[in-house]
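Enquirer: Chains as they are written, first to last, in our numbering: chain C, 1 to 806; chain V, 1 to 196; chain G, 1 to 439.
It is possible that some hints are incorrect.
Only pairs whose alpha carbons sit at most 30 angstroms apart, straight line, appear in this in silico DSBU-like list of lysine-lysine [unchecked claim]:
id : chain 1 : residue 1 : chain 2 : residue 2
1  : V       : 119       : V       : 152
2  : V       : 152       : C       : 750
3  : V       : 53        : C       : 736
4  : G       : 201       : C       : 433
5  : C       : 103       : G       : 317
6  : G       : 18        : V       : 169
7  : C       : 56        : G       : 57
8  : G       : 433       : V       : 152
9  : V       : 156       : G       : 434
10 : G       : 434       : C       : 50
11 : G       : 434       : V       : 152
12 : C       : 103       : G       : 372
13 : V       : 127       : G       : 159
14 : C       : 736       : C       : 154
15 : G       : 159       : V       : 13
16 : G       : 201       : C       : 56
17 : V       : 53        : V       : 166
18 : C       : 771       : C       : 800
19 : G       : 428       : V       : 127
20 : C       : 103       : G       : 433
21 : C       : 4         : G       : 317
22 : C       : 50        : G       : 57
23 : C       : 467       : C       : 427
24 : G       : 372       : C       : 407
25 : G       : 18        : V       : 127
26 : V       : 53        : C       : 407
27 : G       : 414       : C       : 103
28 : V       : 53        : C       : 403
29 : V       : 53        : C       : 427
30 : G       : 201       : C       : 427
31 : V       : 13        : G       : 154
32 : C       : 154       : V       : 53
33 : V       : 53        : C       : 433
34 : C       : 149       : V       : 156
35 : V       : 83        : C       : 771
36 : V       : 152       : G       : 414
37 : C       : 50        : G       : 317
38 : C       : 56        : G       : 317
39 : V       : 156       : V       : 127
It is worth saying that the hints were derived from the structure and are not from the lab.
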Amino acid sequence: MKVKVNGIELELAPGTSAIDAVFAAGSDVPYFCSHEYMSPVGSCRMCLAKIGAPRKDRATGNWVLDEETGEPQIFWFPNPMATCTTAIMEGMVIETEAEEAVKAQRGMVEMTLINHPLDCPICDKGGACELQDRAYEYGEGISRFEFDKRHQEKHHQLSELITLDRERCIHCKRCIRFFEEVPGDEVLDFIERGGHTYIATVEEGLESNFTGNITDLCPVGALLDRTSRFKGRNWEYEHTITSSLDDASGSAIVLDSRTGRLERIKAELNTQVNKLWIDDSTRFGYEYVNSSERIKTPLIRKGDNLEAASWQEVSEFIADKLAKLAQKEAAIVLRADSTLEEGYAAKNLAKILETGQIDHYPRQLASVIPNNSASLNDLASSDAIFVIGDVSQNVPIVDLRIKDALKGVAPPEMFEHGVPIADLRLKERMIRKKEILTVAAPYNVDLMRHAGQAHIYEANSEEAIFKALTKIANGEDSSVAAMSNEQAEALVKRLNEANNAIIIYDGFSLASPAAAIAARNFANAVGAKEIILGQMANSYGLEAIQVLPSHERYGYAEIMQGSAKALIISELNPANNSQYAQNLKELELLVVHSIFENETTALADVVLPAKSGYEKQGTIVNLEGRLLEVNAAPIDAGQAQDFEFLAASIIAALGKEGKEDLASLAHKAIRKQFGVDSKKLDPEGDLKPLKPRANNKAKLHIQSTNIGNALIVPTMLRLEYIDKNPHLLAERGAAKLTMNSIDADANGLKNAEIVSLDVAGIKRSFSVQIKDSVPAGLWLIPALPEQAIGLLELDRASLKKELEPA
Amino acid sequence: MMDTKIQAFFADKQDLLSEILERYPDYGQRSAVMPLLRAVQDAERHVSELRIKEIADILGISATAVKGVMSFYSTYHEQPVGKYHIQICSTLSCSLAGSDEMYDYLANELDLVNGETDKDGQFSLQKVECLGSCTTAPVLQINDDYYENVGKKRCKHLVDSMRENKLEKPWRERKGDHEGAEKAKPLQKTALKGVS
Amino acid sequence: MDNITSRHDPRFEVTMYKYMGVENSHKLDFYEQHGGYQTAKKALTTMQSVDIVNEVKASGLRGRGGAGFPMGVKWSFMPPVDGRQRFIVCNADESEPGSTKDRFVLEDDPHQLIEGMIIAGYAIQATLGVIYIRGEYHLGYTRLYDAINEARAKGYLGKNVLASNFDFDLILHRGAGAYICGEESALMNSFEGYRANPRLKPPFPAQAGVYGFPTSVNNVTSIASGVHIIAKGADWFKSMGTQDSSGFHHVQISGPAVRRGVYEVPMGITYREIIFDLAGGVTEPVKAFIPGGSSCPMFPFTDEYLDLTMEYGVVAKAGSMMGTGGIILIPEDKCIVDALANVVHFYAHESCGKCTPCREGVSTWLPKMYAKLLAGLGESGDLELLEDVSHNIRGRSFCPLADACIMPVQASIKHFRHEYEYIIEHGKSMYAKKSRWQE
Ligand SMILES: Cc1cc2nc3c(=O)[nH]c(=O)nc-3n(C[C@H](O)[C@H](O)[C@H](O)COP(=O)(O)O)c2cc1C
Ligand code: SF4
Ligand code: SF4
Ligand code: FES
Ligand code: FES
């Protein structure tokens, strides 16, 4: 379609909005209410332009021509039009700089400002405020409004995480639309009407996993992140774009740091992964990095004490000890969010130490690499989705991308200026195609609210469910637990007939290799692609590059049970398990790479300060098989280093340095394995899905525990850091032990009561949460990194009440 | 979760509840939010936060959404209104018929200001916008009923009868068409100068 | 002052308002005795739905809710029947100051509206109808509620209406005090249980209306006119009025008229005839009249305007709108700034708050400007500022409500600029406040 913007002709696809035409032409028009990825609503009335179009003669079907020029005559709309809600038409002429357009824009800036306080100098948004910028560019500079401005609450705490300044709000409705359109949680709304309209919630806190996004999208300083309130000014921040290590999505984020501290995290655009959204754990779960309790120097054991030392000193100490070991006596364990570079470093170190005792954790028995993998954008355009597990807690972004699919609007085509500013296919309160989504889980999961069909099945019956569904897909008779025959058949039929069917599963299915194979077989049978939710940011990558034991005798659990004489462990705290602690004490050498002191550092011979995920440089592979860059922000972390540095120091101390350093080895290895240059990754990552590792036949015989009275469930919160993330802790509270009221009554427990419990060797404390949607007899326990998801048998007698609820 | 101390409003009114819900199709149950608010207010003269939550739970939507809807309208009240909720239309036609003076009179007589309820919960006084009865201005709406053509005498009478708890239903202002086509008077001259 | 609220032009036979004010006219018995539901029977059993649409189209009936869009044409915009639910919605939110014509039908002749809804529903093949009645109309609501139940019990509503194989039922929904709910898309949001902000168009209601289904929204007297058009034919309807504006309409006269009230009149009647013949003239000198509800720009009370015929085109050409037919007379010695402050207050109170020009301009800035003028604090430049801000609002808002406020403001400045200038210069109104409260 041909349109003309300020004299520039361009060809654009039908359905394009006039505002995108304006930007596509390299022109500009101010806007406040439109926002990428949300419905255009036309409420700020800022984006006005003079618009006209030619007309066809009804009778002849020919263009009505201008008598003088012989060109199609342009019929101008009588009033300036909002470009964000106007679709282009053949021959449309858009003028943003026409006198009446400019006058209209000026008038609108003036009206937008009449009730806006002039507190830019003390506003956290100052310097990064759309209103400030636009008022400067398009305003008159003076206000003719001589009356008192509207006085409203300036510090209204919407939740522990977000504060609202009602005077600053310009009523663009982005925040409200976000909640309704993106996660589908209507927790915020306008109250009153007309000039009295204000934003509020009457929920207790904002019940959603994605609340922080409203602080990014608020065009003014009305909604602010409480973790960063009154800290820096926007121009003082160093902005580091990176991929989050919070979960397996690898969501794009910006780290705002200043004077060596990380002061805020914001979402960054990745059109392939998280679009512009991140969950609250990804955003607010960073405060721990600034904690004064961080280990900042290497420590070495002197008797009962750990004393500061240099990297050089401790590396030599470690090398000395390691040199005395025989083959296969040393073990190395990384946490599953370590980078590929750290993984390769660990492998190289293991090679030098001639040991196959190497693993990453948390890791389950089955592979997290799908056979026929779907990208997140595939997911967003899927027409049949079967989820088994708890997506929303596992990888919240996957939950959002499923909700994209429910709208039935495929990811938009990009313009040179980026994501369409006004995607006219998006509407407020779109009717969601719930019927395309089926969710099954061992308990009531959040996504079930949005599903056409939801089934709660008995924990650990994933294998049986997938097998039964496969039978149905193959035309055999079968019945599926928790589903009626019609439901099961309808599900299979929908998946079979869909163009873009996707099956999503998580740790519940991965806990048993047989279940994972059954899942894969079912996906094959119905021609569906798969998304597997690994438990951590680089579960996929570390498996892909085989940071894995050479033999099943050498896995994480076996190492902790005493298969090694020396252990180098990064970012895990196995000694929180009393049984493991016993074994760890016996080790000849325990090297702990950690950010904080914990039960394991207490047993260590050497403690090495670790970098957080915001401080290291490297590469991860997200759950799609996408290689993403991890970048370091300038945060003062003392002498903390990543595992690559650690391995290199030990190798150097062992005198085993090769020709190439670890970094270039990793760089080469990544190129070899994934076919990409890790130094030149696409800013949105390079999608290079692999084939899954062959299933170790022997493992198929390992039965995961079939019995159990508790389920380790995924949690979007990083519980290992929650105590040091004060805002997130205040909002989300301590870890929850969730159970049915029958169980609560049987144990005399009340809601919010604090209890402690021995969870398979780990003593943990919880706040009790009673939910009758949880099957009776099953207790839900949110996972720690040292605990893979799945069923376990709990000694309920170990339950102790610590505190009555307030 | 509902506060168990105060009984849920619809707990003993299941018939009313299902009658309201059944008005709307299954896919449109949210439409019931306004009639549910109305039902509560009719009984309790306002809708409390607790009732908002109850309605939200009935409809499976957030309390915020219910509050957003409720606060949009001018006739749902967060605070209880008096037994006699006196609403004075203040829009143009009524104002041209003396509603401003009527307001002053009532405010003075009842010692209330716009939006206020007396401490006994007997009277509330509120200025409202056009009630759709402009041809019989000025209009008072007392609770649900319209009192039209309220002149000084009638206004005083209404106040007296409310004080005595003896407010009568309004009489019908309407007269049939048969009353009057014939009575139409011939064309008159306007009083404006320069007009023939 | 007489209280006559239902009148008609003696030269014409009154139809829709025939039984207004008659005892028991709201009961089914009464309605049936006076030929009630016979037209629906005729429509459903002897006519195809397309015939009804065509008949209404041929009648030239234009919507009586304000915008004057031809009802038959609107109906013909409904997409082809595809098995999806369809809705007919009756807009009974009547809130435009000066308007009170729908209320009479709702209170005194609810069955007429129900019959109209059955016919309209059949015409557009909608099996569900919604009547959205403004919250304050308690009597209308109860009468309509009872009437619907009566009609349902008698088989006029429900499955297989009048043995025609057509299913039709009504949902009566009550508003709660918000003028904007009269705007059709805001009405649908309100009905669906959302905040009543207007929706973006397109999609228009015919494409995606109530609950996203094809919908037609029509005013009470538009729908009720349908009954008479089908009963007596398009030609009968066209025999009244003019080429541009056919049929009859209801004018509502308020302000200082001798006989204020609602009159059923043929289109094409002059304002002079309405005000002087029907309403019996004025009780005090009048300087202006608003022709169709407070959002319509006022006309000076001069021959030029009094002799305008009541036709959509004519009134538009003269610079105002037919609107709802609510005529408000403004007395000579009513300060125009005061009168407009009242009008502005109304729209300020009713702004939904969605868009900037209306929320900040209409709902916030204008009332403050008027308050300043009325307080005698006006300064030179204030009138120009008012004009410029009005200019910046007009035609820029999301829905027509802001314009509904600005147009009368601009008209008042156009015709009575001297009164604004006076109040600014002298710090007081040109006319002292005067008591008009009757004994
Ligand atoms: C602010 C606003 C208020 C309105 N109020 C009413 C109303 O109270 N009653 C009505 O019938 N139409 C009202 N309308 C017009 C409706 O949007 C719609 O055009 C009308 O109901 C269609 O019916 P009709 O074609 O029969 O007139 C209003 C429009 C606007 C913009
Ligand atoms: S709080 Fe911010 S995002 Fe929300 S409506 Fe106000 S200005 Fe817009
Ligand atoms: S003009 Fe804007 S604020 Fe006013 S009622 Fe319409 S949409 Fe709402
Ligand atoms: S109206 Fe807000 S961006 Fe167009
Ligand atoms: S102005 Fe009072 S009822 Fe219309």
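Enquirer: Look at each hint and say if it fits the structure.
Expert: Comparing the hints with the structure gives:
1. Taking the CA atoms of residue 119(V) and residue 152(V), the gap is near 26 angstroms; set against the 30 angstroms cutoff, the hint holds.
2. For the suggested pair residue 152(V) and residue 750(C), the alpha carbons sit about 63 angstroms apart, so the restraint of at most 30 angstroms is broken.
3. With a C-alpha separation of about 25 angstroms, the suggested pairing of residue 53(V) with residue 736(C) holds against the 30 angstroms cut-off.
4. Distance check on the hinted pair: residue 201(G) and residue 433(C) sit about 22 angstroms apart at the alpha-carbon level, within 30 angstroms; holds.
5. Among the hinted pairs, residue 103(C) with residue 317(G) is consistent with the structure: their alpha-carbon atoms are about 27 angstroms apart, no more than 30 angstroms.
6. Taken as a hint, the residue 18(G) and residue 169(V) pair is honoured in the structure, with Cα atoms around 25 angstroms apart against an allowance of 30 angstroms.
7. Proposed proximity of residue 56(C) and residue 57(G) is supported: the alpha carbons are some 25 angstroms apart, at most 30 angstroms.
8. A C-alpha spacing of about 18 angstroms is found between residue 433(G) and residue 152(V), which places the hinted pair at or below 30 angstroms, so the restraint holds.
9. A hinted pair counts as satisfied when its Cα atoms are at most 30 angstroms apart, and residue 156(V) with residue 434(G) qualifies at roughly 20 angstroms.
10. For the suggested pair residue 434(G) and residue 50(C), the alpha carbons sit about 47 angstroms apart, so the restraint of at most 30 angstroms is broken.
11. The suggested pairing of residue 434(G) with residue 152(V) holds, with an alpha-carbon distance near 15 angstroms, which does not exceed 30 angstroms.
12. The hinted pair formed by residue 103(C) and residue 372(G) meets the criterion: a straight-line CA distance of about 26 angstroms does not exceed 30 angstroms.
13. Note on residue 127(V) and residue 159(G): the hinted pairing is violated, with a Cα-Cα distance of about 45 angstroms set against a maximum of 30 angstroms.
14. Among the hinted pairs, residue 736(C) with residue 154(C) is inconsistent with the structure: their alpha-carbon atoms are about 33 angstroms apart, more than 30 angstroms.
15. A distance of roughly 28 angstroms separates the Cα atoms of residue 159(G) and residue 13(V); the hinted pair therefore holds under the 30 angstroms criterion.
16. As the CA atoms of residue 201(G) and residue 56(C) are separated by approximately 22 angstroms, the hinted pair is consistent with the 30 angstroms bound.
17. For a cut-off of 30 angstroms, the pair hint linking residue 53(V) to residue 166(V) is broken: about 36 angstroms separates their Cα positions.
18. Distance check on the hinted pair: residue 771(C) and residue 800(C) sit about 20 angstroms apart at the alpha-carbon level, within 30 angstroms; holds.
19. Taken as a hint, the residue 428(G) and residue 127(V) pair is honoured in the structure, with Cα atoms around 25 angstroms apart against an allowance of 30 angstroms.
20. Between the alpha carbons of residue 103(C) and residue 433(G) the distance comes to roughly 38 angstroms, so the proposed pair goes past 30 angstroms and is violated.
21. With a C-alpha separation of about 34 angstroms, the suggested pair residue 4(C) and residue 317(G) falls outside the 30 angstroms cut-off, and the hint is violated.
22. Pair hint residue 50(C) plus residue 57(G) does not hold up; C-alpha atoms about 35 angstroms apart against a cutoff of 30 angstroms.
23. Straight-line distance between C-alpha atoms of residue 467(C) and residue 427(C) comes to about 40 angstroms, which puts the hinted pair past the 30 angstroms bound.
24. Proximity of residue 372(G) to residue 407(C) is assessed by CA-CA distance (about 50 angstroms); at most 30 angstroms being required, the pair is judged violated.
25. The hinted pair formed by residue 18(G) and residue 127(V) fails the criterion: a straight-line CA distance of about 34 angstroms is larger than 30 angstroms.
26. Pair hint residue 53(V) plus residue 407(C) holds up; C-alpha atoms about 28 angstroms apart against a cutoff of 30 angstroms.
27. A hinted pair counts as satisfied when its Cα atoms are at most 30 angstroms apart, and residue 414(G) with residue 103(C) qualifies at roughly 22 angstroms.
28. A hinted pair counts as satisfied when its Cα atoms are at most 30 angstroms apart, and residue 53(V) with residue 403(C) qualifies at roughly 26 angstroms.
29. With a C-alpha separation of about 28 angstroms, the suggested pairing of residue 53(V) with residue 427(C) holds against the 30 angstroms cut-off.
30. Straight-line distance between C-alpha atoms of residue 201(G) and residue 427(C) comes to about 11 angstroms, which keeps the hinted pair within the 30 angstroms bound.
31. Simply put, residue 13(V) and residue 154(G) have alpha-carbon atoms about 28 angstroms apart, close enough for the 30 angstroms limit, and the pair holds.
32. A distance of roughly 26 angstroms separates the Cα atoms of residue 154(C) and residue 53(V); the hinted pair therefore holds under the 30 angstroms criterion.
33. Straight-line distance between C-alpha atoms of residue 53(V) and residue 433(C) comes to about 27 angstroms, which keeps the hinted pair within the 30 angstroms bound.
34. A threshold of 30 angstroms between alpha carbons decides the hint, and for residue 149(C) with residue 156(V) the separation of about 40 angstroms lies outside it, so the pair is violated.
35. With a C-alpha separation of about 42 angstroms, the suggested pair residue 83(V) and residue 771(C) falls outside the 30 angstroms cut-off, and the hint is violated.
36. A C-alpha spacing of about 36 angstroms is found between residue 152(V) and residue 414(G), which places the hinted pair above 30 angstroms, so the restraint is violated.
37. The suggested pairing of residue 50(C) with residue 317(G) holds, with an alpha-carbon distance near 25 angstroms, which does not exceed 30 angstroms.
38. Taken as a hint, the residue 56(C) and residue 317(G) pair is honoured in the structure, with Cα atoms around 26 angstroms apart against an allowance of 30 angstroms.
39. For the hint linking residue 156(V) to residue 127(V), the alpha-carbon distance of about 18 angstroms falls within 30 angstroms, and the restraint holds.
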